[in-house]
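Student: Taken in sequence, the protein lines are chains A and B. Quick note, the first sequence lines up with residues 1 to 116 if you use our numbering. Quick note, the second sequence lines up with residues 1 to 112 if you use our numbering.
Treat each hint with caution, since some may be false.
Lysine-lysine pairs mimicking DSSO-like chemistry, simulated, CA-CA at most 27 Å apart [stated by the list, open to error]: (1) K99/B x K78/A; (2) K78/A x K42/B; (3) K24/A x K37/B; (4) K24/A x K42/B.
The set of hints was computed from the structure by calculation and includes no laboratory data.
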Amino acid sequence: DAGVIQSPRHEVTEMGQEVTLRCKPISGHNSLFWYRQTMMRGLELLIYFNNNVPIDDSGMPEDRFSAKMPNASFSTLKIQPSEPRDSAVYFCASSLVSGTGIHEQYFGPGTRLTVT
Amino acid sequence: GESVGLHLPTLSVQEGDNSIINCAYSNSASDYFIWYKQESGKGPQFIIDIRSNMDKRQGQRVTVLLNKTVKHLSLQIAATQPGDSAVYFCAERGTGFQKLVFGTGTRLLVSP
Numbered sequence: 001d002a003g004v005i006q007s008p009r010h011e012v013t014e015m016g017q018e019v020t021l022r023c024k025p026i027s028g029h030n031s032l033f034w035y036r037q038t039m040m041r042g043l044e045l046l047i048y049f050n051n052n053v054p055i056d057d058s059g060m061p062e063d064r065f066s067a068k069m070p071n072a073s074f075s076t077l078k079i080q081p082s083e084p085r086d087s088a089v090y091f092c093a094s095s096l097v098s099g100t101g102i103h104e105q106y107f108g109p110g111t112r113l114t115v116t
Numbered sequence: 001g002e003s004v005g006l007h008l009p010t011l012s013v014q015e016g017d018n019s020i021i022n023c024a025y026s027n028s029a030s031d032y033f034i035w036y037k038q039e040s041g042k043g044p045q046f047i048i049d050i051r052s053n054m055d056k057r058q059g060q061r062v063t064v065l066l067n068k069t070v071k072h073l074s075l076q077i078a079a080t081q082p083g084d085s086a087v088y089f090c091a092e093r094g095t096g097f098q099k100l101v102f103g104t105g106t107r108l109l110v111s112p
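Okay, chain B solo, but in the shape it has when bound (with noise of 0.2 Å):
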């Protein structure tokens, strides 16, 4: 088996809270960009998107941000509930006509 994986960065909040996950993107060519939600068991189920021409959009309370400067996303989720509790990975489209490049990943753990 294998002895190392990649370590997930967690983020612990209580039911209630508003939460932010955070992503670093690595190239500046991409122009679109998505969150997808993953729980364990299942496939990534999309949540938001957003094109580079634009720096926020909004959903059913969650909101993506984009900061093209320092190549950085982030979706805030707004009162947070327990089944919000997944894995939460950002991906990038790149210089493939319809590649993503997906992130490593945040797991978001939501107590009651």
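Here chain A stands alone, though its shape is the one from the complex (with noise of 0.2 Å):
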């Protein structure tokens, strides 16, 4: 199984310029979430996906941040335009979801996103 596959890994832009982060999740899976990481916040949930319906987006920062996710196997999350403060790692993550059950999330590699 080749896991949560994100590229790229690195991305490194000046600000105001457009960047576009990718995902795709473990082959089965029906929820995928993205999160970003800084040393200021730790982990924090961005939105999450079932389906390929956005559930809950209230942790996405503002309208410069967006996401998508057309299809089982694929979501983009985008951010325009780029500013310095949002240099993080953007971690991906997907799970296989049924009724209530609970199941863990698998999560990629991450992107480190450096904005100068």
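Put the two chains together into one complex, using the hints given.
Tutor: So, in structure tokens, the structure goes:
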């Protein structure tokens, strides 16, 4: 099993540029999560999808951030325009959810974003 | 850059010792708890979980204890090895359907 795949692994961009982070969840998983990790705030949930539908986006910082999941095997997190305070490691995670069952989330390796 | 960051508590142990990492959670309605391990440059990795109707669960070399009265969770690692060096996070499932809220983490340093 390939696990959760994220790309790119590292991204360096200038302030004001658009950044797109990509995630491929584990095949067969129906829930996908985007997290951000910084030294200041730790690991924060930004948004999660269930069956490709956004369920909770209350963690998305502001309108500059948007996430999509056009199909079960692909999701993007976009920042436009990017700012230096967006510098962080962004993780994607996926899980298989059925009913009210509880299932572990599998994390990808993360994308380290640096905005200069 | 950031001048102030989270101060991760650090636990330093010798190889072969038993380690206990503690976590206080906030939501008395949380019904599920997980421990994750994060090595440098990697994503968090699942270690063990426990439902709120249990107070203890054991895995291979790890045990999780849950005390709902004081909202406290602990992870015990037996015979700690240098490969156990990492940051350990507890997470709770609260009011969201599958939403996990992560703690700030504890850094475990294991000396040979």
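Student: For every hint, state whether the structure bears it out.
Tutor: Here is how each hint holds up against the structure:
1. Simply put, K99/B and K78/A have alpha-carbon atoms about 21 Å apart, close enough for the 27 Å limit, and the pair holds.
2. Annotation: proposed proximity of K78/A to K42/B holds, straight-line Cα distance about 22 Å (limit 27 Å).
3. Proposed proximity of K24/A and K37/B is supported: the alpha carbons are some 22 Å apart, at most 27 Å.
4. For the given pair, K24/A sits about 17 Å from K42/B by alpha-carbon distance, which is consistent with the 27 Å threshold.
Checked against the numbered hints above, the structure breaks none of them.
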